[in-house]
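**Q** Protein chains in written order, with my numbering: chain A, 85 to 199; chain B, 17 to 128.
Among the clues, some could well be false.
Rough simulated footprint, nothing fancy, chain A against chain B, three-plus residues with beta-carbon under 8 Å [said to hold, decoys possible]: (1) 69-75; (2) 93-99; (3) 117-124.
Selected chain B positions facing chain A (in silico; Cβ < 7 Å) [as the list claims (entries may be wrong)]: (4) 55; (5) 66; (6) 108.
Just so you know, the hints here were simulated from the structure itself, not pulled from any lab data. Don't be surprised by glycine CBs; every beta carbon is placed ideally from N, CA and C.
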Amino acid sequence: DSGVTQTPKHLITATGQRVTLRCSPRSGDLSVYWYQQSLDQGLQFLIQYYNGEERAKGNILERFSAQQFPDLHSELNLSSLELGDSALYFCASSSNWGSGQETQYFGPGTRLLVL
Amino acid sequence: GQQLNQSPQSMFIQEGEDVSMNCTSSSIFNTWLWYKQDPGEGPVLLIALYKAGELTSNGRLTAQFGITRKDSFLNISASIPSDVGIYFCAGQLEGGSEKLVFGKGTKLTVNP
Numbered sequence: 085d086s087g088v089t090q091t092p093k094h095l096i097t098a099t100g101q102r103v104t105l106r107c108s109p110r111s112g113d114l115s116v117y118w119y120q121q122s123l124d125q126g127l128q129f130l131i132q133y134y135n136g137e138e139r140a141k142g143n144i145l146e147r148f149s150a151q152q153f154p155d156l157h158s159e160l161n162l163s164s165l166e167l168g169d170s171a172l173y174f175c176a177s178s179s180n181w182g183s184g185q186e187t188q189y190f191g192p193g194t195r196l197l198v199l
Numbered sequence: 017g018q019q020l021n022q023s024p025q026s027m028f029i030q031e032g033e034d035v036s037m038n039c040t041s042s043s044i045f046n047t048w049l050w051y052k053q054d055p056g057e058g059p060v061l062l063i064a065l066y067k068a069g070e071l072t073s074n075g076r077l078t079a080q081f082g083i084t085r086k087d088s089f090l091n092i093s094a095s096i097p098s099d100v101g102i103y104f105c106a107g108q109l110e111g112g113s114e115k116l117v118f119g120k121g122t123k124l125t126v127n128p
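Model the full structure from these sequences, guided by the hints.
**A** Okay, here's the thing in structure tokens:
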């Protein structure tokens with residue numbers, strides 16, 4: 085158990101809909117990262133937050149957005165969903181961002197299926 | 017963007033054999049991380065490396081941070097069936113964004 089929690093575990097929805105994925109980082113970690121992993125693909129970095137502020141953006145679509153709240157949990161919002169958005173979405177957290185010794189711990193993921 | 021070349025893409029071995037996989041890049045990294053991912057699960061951190069030349073072990077796993085800082089390898093000794101999974105390397109670029117760059121993974125199959 086990495087200490088990172090994600091809900092829900094599974095999500096089935098229809099095209100055009102909007103969903104929210106939730107992540108709670110490890111206790112004390114200020115940095116949260118979101119990744120997308122499609123079938124048989126590697127991890128694609130989406131976005132990073134540090135202590136409530138956006139720090140880095142990767143290949144995140146305009147239909148997707150995220151935020152980190154004062155209690156440090158984070159939410160990833162996916163809107164106008166398309167079939168191709170079906171994937172595993174992972175959250176990771178880190179306590180040593182900016183130290184030059186980045187170590188990320190991953191949550192169990194949310195499996196999204198868009199029908 | 018920056019890429020890590022991870023090889024091999026897949027491996028089929030017999031139980032008890034040793035395994036070696038590596039990641040290379042044309043860029044210099046400050047940190048190398050090795051993760052294992054089981055199907056449908058999140059990647060689990062195996063080993064973290066922070067210094068060039070560093071050699072670190074975790075049970076039957078050994079990883080090294082290449083002296084040029086452009087590569088890293090992971091060895092698994094005396095493989096067992098539960099070693100099956102996908103192994104990812106990840107690195108943090110020197111002087112770049114703090115975000116990690118991931119390899120595409122090595123899929124390991126162990127035949128009992």
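**Q** Does each hint fit the structure? Answer for all of them.
**A** Structure-based check of each hint:
Coverage of the segment 69-75 of chain B by chain A is violated. Counting CB-CB distances below 8 Å, 0 residues qualify, and the rule asks for three or more. Counting residues of the segment 93-99 of chain B whose CB falls under 8 Å from any CB of chain A gives 0; the rule of at least 3 is not met. Given a C-beta distance limit of less than 8 Å, the hint that chain A covers the segment 117-124 of chain B holds, as 4 residues qualify and 3 suffice. Of the supplied interface hints, the one on residue 55 of chain B is violated, with its beta-carbon coming no nearer than about 10 Å to a beta-carbon of chain A, more than 7 Å.
Below 7 Å, beta-carbon pairs count as interface contacts, and residue 66 of chain B has one with chain A at about 5 Å; its hint therefore holds. This hint holds: residue 108 of chain B has a C-beta 4 Å from the nearest C-beta of chain A, less than the 7 Å allowed.
In this structure, the hints that do not hold are numbers 1, 2, 4, in rising order.
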